[in-house]
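Start from the sequences and build out the full structure, keeping to the hints where you can.
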Amino acid sequence: MEILDSPQSDIEFVNEETNYILQKSCVWKKIFAISSLVIIGIFILWMMFLISVYSVFVLEIIIDLNLLLVFIILFIATYCFVCVLLIKSANKQNQYLYTGNQDKLISSYLLLAKSWRTLGVITIIGLLVLLIAVIISF
Amino acid sequence: MDNSTPADIKKAIKTIRNWMLIYAIIILSLMFLFMLQNIAKLFAAQTHYYLINESMVNIIMSFLSILCNIILIVNAKAYSAFLKSGQAKEFNQSLKNDYIYWLVSTLSLFITIILNIIFK
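Each protein sequence line maps, in turn, to chains A and B. Add 1 to the 1-based position in the first sequence for our numbering, that's all there is to it. Add 1045 to the 1-based position in the second sequence for our numbering, that's all there is to it.
If you are wondering where the hints come from, they were derived from the structure by calculation, not from laboratory data. Possibly wrong hints are sitting among the right ones.
Capping the alpha-carbon separation at 20 angstroms, the derived lysine-lysine pairs in PhoX-like fashion look like this [as the list claims (entries may be wrong)]: (1) B:Lys-1056 to A:Lys-115; (2) A:Lys-105 to A:Lys-31; (3) A:Lys-105 to B:Lys-1056; (4) B:Lys-1059 to B:Lys-1141; (5) B:Lys-1055 to A:Lys-105; (6) B:Lys-1056 to B:Lys-1129; (7) B:Lys-1122 to B:Lys-1055; (8) B:Lys-1141 to B:Lys-1055; (9) A:Lys-89 to A:Lys-105; (10) A:Lys-25 to B:Lys-1056; (11) B:Lys-1134 to B:Lys-1055; (12) B:Lys-1141 to A:Lys-31; (13) B:Lys-1122 to B:Lys-1134; (14) B:Lys-1141 to B:Lys-1086; (15) A:Lys-25 to A:Lys-89; (16) B:Lys-1141 to B:Lys-1129; (17) A:Lys-89 to A:Lys-115; (18) B:Lys-1129 to B:Lys-1059; (19) B:Lys-1141 to B:Lys-1122; (20) B:Lys-1129 to A:Lys-25; (21) A:Lys-115 to B:Lys-1134; (22) B:Lys-1134 to B:Lys-1086; (23) B:Lys-1059 to A:Lys-105; (24) A:Lys-105 to A:Lys-25; (25) A:Lys-31 to A:Lys-115; (26) A:Lys-115 to A:Lys-105; (27) B:Lys-1059 to A:Lys-115.
What follows is the structure, given as structure tokens:
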């Protein structure tokens, strides 16, 4: 199957150039999301390795972190969720490029909106956690 | 022109633009502070090579992050221009910025990891 040269949808703001740029954007979005997930996976495995080797010592440090630890776990989980949404969105855009179905393009943007909203919310929570940590340290 | 833009996609782009801007401004200001902190650390490090390496890596890391977030703000502006006009030209411009953002983000992700492995 080949990528369509001209758009099949009746969306007026989509033209020949759009498909070409959309394809490049899709590829890099996917690379970013997959590599982020792989790096997070390696990080979790490394932490598990550290805990298994220096079990008591590392666990004591982790328990001492308290609020920060809860946020780190929350952030990692949210970041993984955002990466999955990005991959899904890129897949939908790819489907649009191959089939020309405009619903795929619309749903890809809805997924992208969801991922940015999630990332924005977790960033605001992160900022609040940081402020609380600074206030506590004073 | 507004009627030709499907309502759902326009609404989604509006959401993307708003959250993108919030995210970019927060991270940009935090990374700027982080960069200043590490510049101060670099001057205080004197001959402690470990500290010099660490602060240098952090400065490069924050610089790359600042660059990504500037692209993100430019992207949000392009989305705003598209929402106003609804033209293909503006939509393509926002897609171009989107592509540049993901490209720079991926590269900075790998550069950061490589620098961390080598110097920390």
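Name the hints, by number, that the structure is in violation of. Hint check: 10, 14, 20, 21 and 22 fail, others pass.
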